[in-house]
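**Q** Those sequence lines, one after another, are chains A and B.
Its first residue numbered 1, the first sequence is counted upward by one per residue in the numbering used here.
Its first residue numbered 1, the second sequence is counted upward by one per residue in the numbering used here.
There may be inaccurate statements among the hints.
[As the list claims (entries may be wrong)] Derived pair list, reagent style DSSO-like, types lysine-lysine, alpha-carbon separation capped at 27 Å:
1) A/K57 <-> B/K2
2) A/K44 <-> B/K101
3) B/K42 <-> A/K14
4) A/K44 <-> B/K67
It should be emphasised that the hints constitute simulated quantities derived from the structure, not laboratory data.
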Amino acid sequence: NAGVTQTPKFRILKIGQSMTLQCTQDMNHNYMYWYRQDPGMGLKLIYYSVGAGITDKGEVPNGYNVSRSTTEDFPLRLELAAPSQTSVYFCATRSGGQGETQYFGPGTRLLVL
Amino acid sequence: QKEVEQDPGPLSVPEGAIVSLNCTYSNSAFQYFMWYRQYSRKGPELLMYTYSSGNKEDGRFTAQVDKSSKYISLFIRDSQPSDSATYLCAMSASGSGNTGKLIFGQGTTLQVKP
């Protein structure tokens, strides 16, 4: 039972390049979330999904896109990378049952130069 | 004004000390309160979870929620060097049928010196 896995662990992008951050969970959770964490800061919600086929914007969605075609996968797409997107990206899941506990992946470190 | 305020520290204490970490918030609709621990270069992991007001104890950790003051605390007794990490408070206003969106504090960096 791997929980929440994220790939890649680290990536360097040039300005204007695109990439997809992968997130996969094996807990059969309906809810999935993407956060970014800037140095010395808390986590800010980028996008979330309440189930396959349903996604919605969070606090900081500009420059990102998501899709949710299966329960297990929730990829985050960066188009036209900018230095402001240099951050650590965390994927999280939640069962939707009692409580609000979210379970986080190990993160992807992204550097845009 | 941010919805959740947390002193970023850093906070440095000697081993065995009692540590107090705090957050204040402005949204009176918050019902769920969590503390996450984040080790360097790792993802956050849930440490304590409290619904509404009151205290919750788990080993050396105690979480307190005072909704009348919009103030939550995490106490760590007999702190250990292994407790050195960043502690993030998080809150949610959701109920049944909700989206579970969390609002995080900035995080407090704690160092426990042997």
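**Q** Confirm or reject each hint.
**A** Tested hints:
no., hint, in the structure
1, A/K57 <-> B/K2, "holds, 19 Å"
2, A/K44 <-> B/K101, "holds, 10 Å"
3, B/K42 <-> A/K14, "holds, 25 Å"
4, A/K44 <-> B/K67, "holds, 23 Å"
Violation of the numbered hints given earlier is absent; every hint is satisfied by the structure.
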